[in-house]
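Once you've looked at the hints, dock chain B against the given chain A.
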Amino acid sequence: KAGVTQTPRYLIKTRGQQVTLSCSPISGHRSVSWYQQTPGQGLQFLFEYFSETQRNKGNFPGRFSGRQFSNSRSEMNVSTLELGDSALYLCASNAGGTVNSPLHFGNGTRLTVT
Amino acid sequence: TQLLEQSPQFLSIQEGENLTVYCNSSSVFSSLQWYRQEPGEGPVLLVTVVTGGEVKKLKRLTFQFGDARKDSSLHITAAQPGDTGLYLCAGAYSGGSNYKLTFGKGTLLTVNP
Chain A
1 KAGVTQTPRY LIKTRGQQVT LSCSPISGHR SVSWYQQTPG QGLQFLFEYF
51 SETQRNKGNF PGRFSGRQFS NSRSEMNVST LELGDSALYL CASNAGGTVN
101 SPLHFGNGTR LTVT
Chain B
115 TQLLEQSPQF LSIQEGENLT VYCNSSSVFS SLQWYRQEPG EGPVLLVTVV
165 TGGEVKKLKR LTFQFGDARK DSSLHITAAQ PGDTGLYLCA GAYSGGSNYK
215 LTFGKGTLLT VNP
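Protein chains in written order, with my numbering: chain A, 1 to 114; chain B, 115 to 227.
Bound-form chain A, shown alone:
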């Protein structure tokens, strides 16, 4: 079974631009979560989707948005990029739909904002 796939692996953007990151979950997993990882703050929860519905959102500004498609693939978008958005963005899928089931993470997208 293929794991969680995130594309692209690396991105370099300029302040003010926008970016879209993609995540393909493990086949059959309907829950997809997004996390931002930085050295200072660790992993911080962005949002979670299940069957195309956002069920939970973290404490991030509205510049961060996401969506999920009918095939469970998910995208997240960051508009008006700031230097502080530089981070590793991790996507995780989950078979059971709740945190009682383990999260399966992709290898992340490393975003650098200059």
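Hint data in this document are derived by calculation from the structure and do not stem from the laboratory.
Be aware that a few hints might be false.
[To be verified] Computed footprint of chain B on chain A, listed as stretches where at least three residues anywhere in the stretch have a Cβ under 8 angstroms from a Cβ of chain B:
{"no.": "1", "region": "54-62"}
{"no.": "2", "region": "99-105"}
[Claimed, not checked] Facing chain B, according to a computed beta carbon distance under 8 angstroms, are these residues of chain A, among others:
{"no.": "3", "residue": "L43"}
{"no.": "4", "residue": "F45"}
{"no.": "5", "residue": "E48"}
[Stated by the list, open to error] So these bits of chain B aren't anywhere near chain A, every CB distance computed over 10 angstroms:
{"no.": "6", "residue": "S140"}
{"no.": "7", "residue": "S141"}
{"no.": "8", "residue": "E168"}
{"no.": "9", "residue": "V169"}
{"no.": "10", "residue": "K173"}
{"no.": "11", "residue": "K184"}
{"no.": "12", "residue": "T191"}
None of the values given here were measured: they were computed from a predicted structure.
Even for Gly, the Cβ is constructed at its ideal location relative to N, Cα and C.
Then chain B, alone, in the frame of chain A:
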């Protein structure tokens, strides 16, 4: 905001030594998970603990969940260079969302040969 404190933040030891990593919160967890993350990769689940006082063993790794379900520890016996990585604890808070985990900032472990 619920915080999950991990200690120590950094740990550098020699092969063969034992170590313990701690994860603490002022709130009660409904469940707690431990992950290990290696450079360039996403975190990988090691174990989930659910019951207060629970102890789980995974080869040389022993995980303990506090009786009050507010803390957890990870003990590694006879560490090996392959144990090097970032160890993360993550909790689902009792009464909180079932759809998000709160992560600690991690313990970066280096095992020197």
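Checklist entry - Any CB of chain B closer than 8 angstroms to the CB of F45/A? => result Check passed: Cβ of F45/A comes within 5 angstroms of chain B, closer than 8 angstroms.
Next on the checklist: Can you confirm whether chain B covers the region 99-105 of chain A, using C-beta to C-beta distances below 8 angstroms and requiring at least three such residues?
Outcome noted: Three-residue rule met by the region 99-105 of chain A, so holds; n is 6.
Item to check | Non-interface label on K184/B, tested against every C-beta of chain A at 10 angstroms | outcome: holds (17 angstroms)
Next on the checklist: Quick check for students: does the CB of T191/B sit more than 10 angstroms from each CB in chain A?
Outcome noted: Non-interface label stands for T191/B: nearest chain A Cβ at 24 angstroms, farther than 10 angstroms.
Checklist entry - Taking the minimum C-beta separation from V169/B to chain A, is that value above 10 angstroms? => result holds (19 angstroms)
Next on the checklist: For E168/B, is the shortest CB-to-CB distance to chain A above 10 angstroms, so the non-interface label stands?
Outcome noted: holds (14 angstroms)
Next on the checklist: Restraint: L43/A near chain B, CB-CB cut 8 angstroms. Satisfied or not?
Outcome noted: Holds. Min distance 4 angstroms.
Next on the checklist: Verify this label for me: K173/B is non-interface relative to chain A, using a Cβ-Cβ cutoff of 10 angstroms.
Outcome noted: Label holds. Min Cβ-Cβ 18 angstroms, cutoff 10 angstroms.
Item to check | Outcome, coverage hint (the region 54-62 of chain A, chain B; C-beta under 8 angstroms; three residues) | outcome: Per the Cβ count (4), the hint holds.
Item to check | Reported absence of S141/B from the contact zone with chain A (all CB gaps over 10 angstroms) | outcome: holds (15 angstroms)
Next on the checklist: Given a cut of 8 angstroms on the nearest C-beta pair, is the interface hint for E48/A held or broken against chain B?
Outcome noted: holds (5 angstroms)
Checklist entry - Can we confirm that no CB of chain A comes within 10 angstroms of the CB of S140/B? => result holds (17 angstroms)
The structure meets every hint from the earlier list without exception.
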